[in-house]
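If you read the protein sequences in the order shown, they are chains A and B. Here the numbering used here is used: the first residue of the first sequence is 1, the next is one more, and so on. Here the numbering used here is used: the first residue of the second sequence is 1, the next is one more, and so on.
Hint data in this document are derived by calculation from the structure and do not stem from the laboratory. Keep in mind that the hints are not guaranteed to be accurate.
Said to hold, decoys possible - Have a look at the derived ranges for each label pair, beta carbon to beta carbon:
#, chain 1, residue 1, chain 2, residue 2, range
1, B, Glu108, A, Ala83, 47 to 55 Å
2, A, Glu22, B, Val239, 43 to 51 Å
3, A, Gln84, B, Asn102, 37 to 45 Å
4, A, Thr91, B, Val39, 16 to 24 Å
Predicted, not measured: the structure shown is a model, and the values here were computed from it. Note that CB positions come from ideal geometry on N, CA and C, so glycine has one too.
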Amino acid sequence: MDKKIFTCIACPNGCRLTVYEEDGDIVVKGASCDKGIDHGINEYTNPMRMLTTTVAITGASHRRLSVAGNAEIPKSKMEECLAQLYDLQLTAPVEKGQVIIRDICGTGVDVIASRSMKKR
Amino acid sequence: MKKMQIDVAVIGGGPAGLAAALKARKEGVEKVLIIERDVELGGILQQCIHDGFGIHRFGRRMTGTEYAQTFIDELEQTDIGVLLDTMVLEVTKEKVIYACNNKDGMMEITCGAIILAMGCRERSASQIQLMGYRPAGVLTAGTVQRYINLEGYLPGKTAVILGSGDIGLIMARRMKLEGMEVKGVYEIMPTLGGLTRNKVQCLEDYDIPLHLSSTITKVHGKKRIEGVTVAVLDKERKVIPGSEEYIACDLLVLAVGLIPENELSIGCGIEIDPKTQGPVVDEHFMTSVPGIFACGNVAVVFDLVDYVSQSAEIAAEGAAAFIQSAEQSSPEYVSIVPSGNVNFVVPQRITAGKETEVSIFLRVKKPDRRGTLDISENGNVTQSRRFATLAPPEMITCRIKVSGEAEVVLDMKEAANG
Ligand SMILES: Cc1cc2nc3c(=O)[nH]c(=O)nc-3n(C[C@H](O)[C@H](O)[C@H](O)COP(=O)(O)OP(=O)(O)OC[C@H]3O[C@@H](n4cnc5c(N)ncnc54)[C@H](O)[C@@H]3O)c2cc1C
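Throw the hints in and build the complete structure from the sequences for me.
As structure tokens, this is what we get:
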């Protein structure tokens with residue numbers, strides 16, 4: 001893989017990380033701590049992101065329900081996961097913690113209601 | 001007019017109001033009431049569907065909605081009164097609240113103590129002097145957030161964002177994920193307004209360009225916005241001739257800062273700090289009017305909701321102690337004075353003649369790799385605290401010991417080289 005540049009977000013320092021492969025090893029330059037090196041390796045090999053979005057709901061005081069994954073998903077799967085969530089149409093009531101989709105797109109992550117929405 | 005007697009009334013049911021009410025009840029206050037103008041509790045958090053809340057308090061990254069729900073669930077197990085869809089119109093020095101709603105009409109609520117928790121509002125187009133007409137399609141970031149995350153509407157197809165505050169950065173990503181085109185973020189200052197992590201996760205992740213030292217010089221379109229002219233600024237913040245560029249868009253999102261919502265406080269004659277634009281408060285977050293407390297973003301824009309809840313609990317303890325004590329006048333105070341790289345500090349003053357340990361919240365004026373905060377009384381440094389990576393968007397908090405005998409000076413010095 002090519003050389004990649006990231007801004008580290010492990011702390012507010014915001015080091016500029018340069019990450020590349022050399023003789024089968026991943027090299028992280030520019031980090032000032034171990035957390036930064038881990039961050040650089042993760043971003044280079046398999047960046048993960050939190051999935052948070054809304055799902056359409058009827059019968060509640062608002063028309064969208066806030067949902068989130070119970071763990072991070074691979075960044076590359078974000079669009080596919082969102083597309084599946086945008087196809088849903090829920091009906092109130094919903095309880096906080098209720099599973100909306102189990103194992104979304106084979107990521108092993110469950111999408112969960114972040115809040116409760118009562119029936120209006 | 002309907003009349004009520006309440007021990008501690010809380011105005012606003014956001015995270016500050018929720019934490020304040022719960023804490024007051026735990027402190028043994030019997031009649032606690034929350035008055036909220038919206039149709040539900042939770043405040044701004046109900047539209048914050050992104051994660052990053054509660055890291056300090058709960059040790060994990062929650063969504064704003066989940067953070068709010070945690071407090072709402074706890075509240076539902078108590079006998080704390082809640083008036084929804086109810087607007088507070090006036091607060092008096094005698095601690096009387098005038099409020100109204102559709103069901104009860106006008107209400108007069110006489111209180112032992114009042115906790116102000118009205119939050120803050122966003123700076124709007126009229127406050128930043130945008131040139132051009134006033135077409136539809138110029139919205140604050142928080143309004144766009146509400147439309148998308150609660151109402152389920154997309155307010156445009158192609159957006160330009162003015163201002164690089166956190167709400168703008170978060171909405172850049174949100175709009176992109178909702179299938180909108182985001183042309184770029186334009187920031188007048190040479191530095192980012194929000195947190196670096198939001199720039200990385202919201203802009204860089206989605207290839208949304210950030211233009212520093214840039215602004216919008218004109219809004220085009222009469223009925224509906226058709227585009228904006230952007231330009232680059234020099235060091236004196238003047239437009240560099242020839243740098244103007246036209247960008248077509250049907251939505252201009254303003255993320256140009258937050259102001260504490262203090263109309264009620266000012267109407268009541270509460271002293272306001274020109275720096276924080278919130279009430280001057282003491283170590284219990286009591287304002288200049290005895291028995292009226294202020295917490296959360298109405299006191300100072302905290303950004304981090306964990307600190308909002310913390311300030312609310314301090315205020316609630318103060319309010320509970322106030323109604324139980326015989327002393328109801330304003331105490332003597334000594335000031336806490338910012339110096340060096342400290343821009344402002346909350347609380348602004350502490351009770352005189354009492355040795356105490358207090359939590360302080362401050363912001364720096366300019367970024368620094370590290371800094372030493374010297375706390376001094378009568379010219380003698382009594383304590384020092386070291387901090388790494390200072391930046392104006394990151395609020396700093398710590399606990400300090402004060403004697404109550406003299407003015408306290410907080411001086412943030414550049415750490416010696418190395
Ligand atoms: C877009 C955005 C992103 C954010 N991101 C983060 C983040 O990632 N992490 C984090 O920790 N924090 C974040 N915050 C900050 C957090 O949301 C706020 O710090 C918090 O909501 C402030 O709480 P509050 O209770 O003081 O105010 P609010 O939540 O604004 O609540 C105030 C309440 O008072 C009510 N009210 C006002 N006036 C009256 C009146 N006259 N009568 C009756 N009721 C009234 C309002 O309706 C409202 O419900 C973000 C904020 C925004 C806007």
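Now the hints, each set against the structure:
no.: 1; hint: Glu108/B / Ala83/A: 47 to 55 Å; result: 54 Å, holds
no.: 2; hint: Glu22/A / Val239/B: 43 to 51 Å; result: 47 Å, holds
no.: 3; hint: Gln84/A / Asn102/B: 37 to 45 Å; result: 40 Å, holds
no.: 4; hint: Thr91/A / Val39/B: 16 to 24 Å; result: 19 Å, holds
Comparing the model with each numbered hint stated earlier shows that all of them hold.
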